[in-house]
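With the hints as extra help, turn the sequences into a complete structure.
2 protein chains.
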Amino acid sequence: MAISTRSDLEQLDREDPLASFRDEFFLPEGMIYLNGNSLGAMPLKAAERSRQVVEKEWAVGLIGSMNTAGWYALPVTLGRKIAPLVGAKPNEVVLTDSTGIDLYKIVAAALQIQPERRAIVMEGSNFPTNNYMVQGLVEQLGDGYTIRFAEADELMDAIDEDVATICITHVHYKTGRIHDMAALTERAHSVGAAAVWDLCHSAGAMPVDLNVCNVDFAVACTYKYINGGPGSPPLLFAAERHHGKCFQPLTGWYSHAAPFDFDRDYRPAEGIRQMLSGTQPTASLSTAEIGIDIMLRADMNTIREKSMRMTDLFIELVEARCGDHDISLASPRNAEKRGSQVSFFHDEGYSIIRAMHDHDVGCDYREPGIMRFGFAPLYIRYVDVWDTAEKLREILESGIWKESKYSDRAAVT
Amino acid sequence: MAISTRSDLEQLDREDPLASFRDEFFLPEGMIYLNGNSLGAMPLKAAERSRQVVEKEWAVGLIGSMNTAGWYALPVTLGRKIAPLVGAKPNEVVLTDSTGIDLYKIVAAALQIQPERRAIVMEGSNFPTNNYMVQGLVEQLGDGYTIRFAEADELMDAIDEDVATICITHVHYKTGRIHDMAALTERAHSVGAAAVWDLCHSAGAMPVDLNVCNVDFAVACTYKYINGGPGSPPLLFAAERHHGKCFQPLTGWYSHAAPFDFDRDYRPAEGIRQMLSGTQPTASLSTAEIGIDIMLRADMNTIREKSMRMTDLFIELVEARCGDHDISLASPRNAEKRGSQVSFFHDEGYSIIRAMHDHDVGCDYREPGIMRFGFAPLYIRYVDVWDTAEKLREILESGIWKESKYSDRAAVT
Numbered sequence: 001m002a003i004s005t006r007s008d009l010e011q012l013d014r015e016d017p018l019a020s021f022r023d024e025f026f027l028p029e030g031m032i033y034l035n036g037n038s039l040g041a042m043p044l045k046a047a048e049r050s051r052q053v054v055e056k057e058w059a060v061g062l063i064g065s066m067n068t069a070g071w072y073a074l075p076v077t078l079g080r081k082i083a084p085l086v087g088a089k090p091n092e093v094v095l096t097d098s099t100g101i102d103l104y105k106i107v108a109a110a111l112q113i114q115p116e117r118r119a120i121v122m123e124g125s126n127f128p129t130n131n132y133m134v135q136g137l138v139e140q141l142g143d144g145y146t147i148r149f150a151e152a153d154e155l156m157d158a159i160d161e162d163v164a165t166i167c168i169t170h171v172h173y174k175t176g177r178i179h180d181m182a183a184l185t186e187r188a189h190s191v192g193a194a195a196v197w198d199l200c201h202s203a204g205a206m207p208v209d210l211n212v213c214n215v216d217f218a219v220a221c222t223y224k225y226i227n228g229g230p231g232s233p234p235l236l237f238a239a240e241r242h243h244g245k246c247f248q249p250l251t252g253w254y255s256h257a258a259p260f261d262f263d264r265d266y267r268p269a270e271g272i273r274q275m276l277s278g279t280q281p282t283a284s285l286s287t288a289e290i291g292i293d294i295m296l297r298a299d300m301n302t303i304r305e306k307s308m309r310m311t312d313l314f315i316e317l318v319e320a321r322c323g324d325h326d327i328s329l330a331s332p333r334n335a336e337k338r339g340s341q342v343s344f345f346h347d348e349g350y351s352i353i354r355a356m357h358d359h360d361v362g363c364d365y366r367e368p369g370i371m372r373f374g375f376a377p378l379y380i381r382y383v384d385v386w387d388t389a390e391k392l393r394e395i396l397e398s399g400i401w402k403e404s405k406y407s408d409r410a411a412v413t
Numbered sequence: 001m002a003i004s005t006r007s008d009l010e011q012l013d014r015e016d017p018l019a020s021f022r023d024e025f026f027l028p029e030g031m032i033y034l035n036g037n038s039l040g041a042m043p044l045k046a047a048e049r050s051r052q053v054v055e056k057e058w059a060v061g062l063i064g065s066m067n068t069a070g071w072y073a074l075p076v077t078l079g080r081k082i083a084p085l086v087g088a089k090p091n092e093v094v095l096t097d098s099t100g101i102d103l104y105k106i107v108a109a110a111l112q113i114q115p116e117r118r119a120i121v122m123e124g125s126n127f128p129t130n131n132y133m134v135q136g137l138v139e140q141l142g143d144g145y146t147i148r149f150a151e152a153d154e155l156m157d158a159i160d161e162d163v164a165t166i167c168i169t170h171v172h173y174k175t176g177r178i179h180d181m182a183a184l185t186e187r188a189h190s191v192g193a194a195a196v197w198d199l200c201h202s203a204g205a206m207p208v209d210l211n212v213c214n215v216d217f218a219v220a221c222t223y224k225y226i227n228g229g230p231g232s233p234p235l236l237f238a239a240e241r242h243h244g245k246c247f248q249p250l251t252g253w254y255s256h257a258a259p260f261d262f263d264r265d266y267r268p269a270e271g272i273r274q275m276l277s278g279t280q281p282t283a284s285l286s287t288a289e290i291g292i293d294i295m296l297r298a299d300m301n302t303i304r305e306k307s308m309r310m311t312d313l314f315i316e317l318v319e320a321r322c323g324d325h326d327i328s329l330a331s332p333r334n335a336e337k338r339g340s341q342v343s344f345f346h347d348e349g350y351s352i353i354r355a356m357h358d359h360d361v362g363c364d365y366r367e368p369g370i371m372r373f374g375f376a377p378l379y380i381r382y383v384d385v386w387d388t389a390e391k392l393r394e395i396l397e398s399g400i401w402k403e404s405k406y407s408d409r410a411a412v413t
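For the record, the sequence lines run as chains L and G. Using the working numbering, you'd call the opening residue of the first sequence number 1 and step up by one each time. Using the working numbering, you'd call the opening residue of the second sequence number 1 and step up by one each time.
Keep in mind that the hints were calculated from the coordinates and are not lab data. Just so you know, not all the hints are guaranteed correct.
Each pair may be met inside one copy or between any two copies, as identical chains are not told apart.
[Said to hold, decoys possible] Calculated lysine-lysine pairs in the DSS-like style (CA-CA distance at most 30 Å, straight line):
(1) Lys-56 - Lys-45
(2) Lys-337 - Lys-405
(3) Lys-391 - Lys-402
(4) Lys-391 - Lys-405
(5) Lys-81 - Lys-56
(6) Lys-81 - Lys-245
(7) Lys-391 - Lys-56
(8) Lys-337 - Lys-174
(9) Lys-89 - Lys-405
(10) Lys-245 - Lys-405
(11) Lys-391 - Lys-89
(12) Lys-245 - Lys-89
(13) Lys-405 - Lys-174
(14) Lys-45 - Lys-405
(15) Lys-337 - Lys-402
(16) Lys-45 - Lys-81
(17) Lys-402 - Lys-245
(18) Lys-405 - Lys-56
Printed below as a string of structure tokens:
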């Protein structure tokens, strides 16, 4: 097969049914931003919404905005809105708190399905905050609870009848490898275990169908591919069949059956509201709606097709043009098994990424030696794929990355 | 003593050393806003800061702002900044998460001081989310943990050698009654119990000296008297002597000893950072700094003097002018024992508050029959005290509150 040219990629951009979405985002002039898997770009309307929340709803509406601007209901109304994006029913999702805290809540809730069991299956190499949160929960619960760590190939075998729940990240933050959510969930259910999924690197980047997969609980970041803004509260999913049966322990007033009765004692809300805790950071939460609205207008299958094509092309171009420079693919080669990112390994990946930053490509580094390139299909163009591979080639060929200023381990996220 | 006149109050405003602070806030024309104890008014500069965070730091700086704009460090840098406001050392405070979740963390941490003890003393009538969160913790811990509820007069006697920790709200949300933090903490320590304090209705409204009182852990809202914006993350205080000894269980990556090493297993950070969990809602957190900065420029003793004088005057004026209308004081009469709010009881308080709203006074209602008026000394004037008492008199005398539109129980917060 002939290697693609820049003209081929320009042609793909002209034919791209998602092309117009790029105009809805602010992207700094001259920069190629491939960190959308860390923090999505700003939708232009998010600036408007943020001004509205602060300068109208807060300044003018003041505390009345709890009702008149819908602040109090935001976790539920935004959950209802975002639900179809992950194949959930409108009453199964809220937006609230932070990813780690939500994970703590849903694992605690999932453990109530098989209260006699003590093992939680996790992938040790996944984004470590998940391990840390569940380690905190396990230590707090005591009583024999334990995490059984298993890597990708070992997961199926690790799920046996001692397992209370699995807690797995759908797309690996470092390599972009996709787990088979349906198969692992089915395996869990076949031995009576629950299935908790972290969708941080899949929600907004590919079709996710929690109810088709029969998932029990899930959490998903909204500030990566969903472009909700820095630290915007994640979505928390609890399957309707667990409502009123599996409770989370961070029982603040938002999760009470009658929060405005100010009763002394806790009574759980019946539906998804039991998964809430307390008052939410309104500016961050409200602004997230803009990114959600944009995402809901895009066809998820089209997003996935473009994502696979871009990442395929990036692998093809980097291997063809940078193949002599001790770079090796760290992501699955099969696009079906890969999220919307490509990772390459290089012993000196850190310095190379620093040099890429200096040449206006946003991408990032993860120990050891992993160079991550995230392709957010709503605003990244095919020519960006070409230009990134070309910049990488230039940097590798010139050896500029060997300059000492790029090896200083200060400030890369 | 002669009853004050409006001219007397105008004179007090002219002499008020805090008067110029009012110009730093946006206050809707023609409205008297006495809900600063629910949501503080917007500092004008908060609008600028919010635009900066969204339209520059997010839009232009993108993920690089984690470092270049200091996003990653915000919980610690803002904690360091706000610490003197509550008599804490700079390394004893972080801004993070929500009040309820922080309370869960610090009570869980406090229980580790006397791990054999099982009782937690709380005031049943305090803001119920505190009860709910601790009830959630107690249920999760099992193993005999229990809450011992006691009301104000019973608290001292309730603190005995079975008590692991007290968890008490400094200023009562409904009546404004102040607890003696020094005496109750001393009592707790005298029997070997820890002392956890909720400062939601005192921080920013009066001098608070956590270290002089020898408090172990505390939480304080930043969106009430500190004017941090809707749902801005609270401050969490952990006394230095407990760092590295009492751990909180929501162990996200922000609380790890080396978060960017991405180790599989949790290792707690040594200092106050162990009290953090995960990624924070940056827009809400960053904007909070403006309110904090303003508060730090104001002298807290002057704030307290003005607060006591305003609330004394309000009681005097309401009793003198509305005394024939079945209203009774529900707050302590002695200003020394009263926070920056005044509550009155009336059987039909709900309808009266609705009518007050309709006449441009922001104040609120709490069951049963409690009408709350909060006086934020940075932007409320003495003439506002007069005008509020006068509006209340007009509404009571006219009987307008009896109109059916005011008794509809829909939308008062």
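Legend entry - Violating hint indices (sorted, rising): 2, 9, 10, 11, 14, 15 and 17
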